Amino acid sequence: MESKDISNKFSSDRKAPLEIGVVSISEYRASWADQFLKEASCIRSATNCAQIYIDHVGSTAVEGLPAKPIIDILISISDWSAAESLVSELEGLGYKIGEKCDKVPRYFLKKYSAGGSEGFHIHVCEPHRRWGREMLTFKEELKANYQFARAYADLKKQLANKYRENLQAYMVGKKDFIENKLREIRSEFSVNKLLTHQRAELNKAERLQVQMIGTQFAIATTAAISVYSNDNKYLFGAAILTFILMVFWLSFSQGQQRHRSAGDQVRRVILLISGLDMEPSAGQKLRIIDSFEVSTLQIPLRREEDHFATREEPGYKRLSEMIEESSYWTRDLQHASARVMFVILVILVAILFITAGTAVVSLKTDNLISLARAMIAIMVFAISSDFLGLFLAYRNSAIAIDEIFRRVEAVDARGYMESDILVLMSDYNAAIERSPAPFPWVYRFRQNELSQRWRAYMEAKLVSQSSQSSGNESS
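If you count the sequence shown from 1, position 178 lands on 1608 in this note's numbering, and the numbers rise without skipping.
To be clear, the hints were calculated from the coordinates, so they are not data collected in a lab.
Since this is a predicted model, take the numbers as computed values, not measurements.
Nothing false has been slipped in among the hints.
Here are the simulated EDC-like pairs of lysine to aspartate or glutamate, each with C-alpha atoms no more than 16 Å apart in a straight line:
1) K1540 / E1521
2) K1747 / D1850
3) K1715 / E1618
4) K1605 / D1584
5) K1541 / E1521
6) K1468 / D1485
7) K1611 / E1570
8) K1587 / E1457
9) K1891 / E1755
10) K1468 / E1548
11) K1573 / E1493
12) K1747 / E1848
13) K1540 / E1469
Starting from the given sequences, assemble the full structure and let the hints guide the process.
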C-alpha cells in the first residue's frame, strides 16, 4: 500500500467531542489504530468464547483515510450458538444492541464513551458470511488502491457537508459507491476481466519481443562498428556495452515468456468459462490471478460481447464458434507478421549484397577485411535474431491455424460431437501456443478490415444455414 495521506496532512490526535447522530468527517488520526487494539484487548479479556476473530474494519482501519471518528470492529465467531452469550458479555462492556438480524445472521452493537470523544461499532457474524467478508474486502481494496481510496474520501466529505444532520441519507449516498466496487471485486474472475488481463499480458509480451529484436540489433551494430576501430578504449567500452545489452536481452526474454504464458493460460480458461460455462476451482483461480503482472486499472474493460460474435448459449456449438472466430483473426495476424518479417529479411539481404559489392569494388585489402567483418556482424545479428526462423514460424503458424479454422466446418457438419470439439479445442490451443506473438502494430492496422470481413463471413454463413434449414423443412 502507498502510505500516502489522502488529505495530504495528518491531523493532530486531539479528540473532539463526538456528536451522536451528526455526520462529521475527521482527518486521519494515528490514535485510531491504538484505540482499536485497546478495545480488542478488552473484548478478549471480557469474553469466554473459545474461537473469535477480531478485525479492525471501516475507514478508520485505513491509514491516511478521513473518516467518522468511530472505530468499526468485526467479530467473527465460529460457533454461532455462542453468539448470544458473546453479545451479553459485550453488553457488560457498555455496548448496546443496535440491530439483530436472524436471516444473515448477525448483530450490530454500539458504544460511546462518557466524555463523547470515542465511539465503537461492533459487527458480529459467522466467519464465512458474505456480510462480514465484504467488510474485510472493502478495507483491503481501500488499502491497496490509492486512487479509489481518494475518491471514496472525497465522496464522504461531500455527503457529510450535504447531510450533516441526516445520517441515513449519508449512508444511502455511500451505498452505490461501495456496492459497485464490491460487484467489481466479485467479478474479478468474470470473462470481461479475464479478457482485459489477457490483452494486457499479451500486449506486454509483444512489446518485449520487439525490445528483444531491438537489443539484438544494437548488439550487432556495436559489433559492426567496432571492426573499424583499433582504439583499445573504444573496444573495451564496446565490450562492456555489449555485455549490458545481453543482460537486457535476457531480462526481456524471460519477461516475454512469463507474460505470454499468462496470456495463453487466460485464453484456455475463457474458452471453458464462456464456451462451456465451466468454472475453475478456487485454487486454480488464485493461481491464474497470481500469474498476472500487468495492472489493468488504467485499461478499458474488454467486453465478452465485443470480443466474440457468437450469441449461442454455452455449449459445444458456442465453443466451436469461438474457436472459429479466434482462428480467423489469429491466422490473419500471423500472415501479416510473416509479411513484415519477409520485408525485413529482404532489407537484410540487400544490405549484405551492397556491403559485398562495395568491398569488391574497393579492391583494397584493409577495406575488404573491415567490410567482411561488418558482414559477419550483420549475419550474426540475422542468425541470433533468427529472422528467417521467425518468418518461417509465422508462416507455418498461419497454415496450422488455418487448418483449425477449416476443421470447424467439418465439426459443424457432424453435429458438434463432444469428442470432435474437445480435440479441436486441444489442437487450437496447441497451435496458438506454438505461434510467435504478432507484432504489436499489426492488430491496429488490420482491425477494421478484419471486422468487416468477419461480419460478411458470418452473414453469409447464417444465410446459408437458414437456406439449408428451409430446404430440410420443405422436404
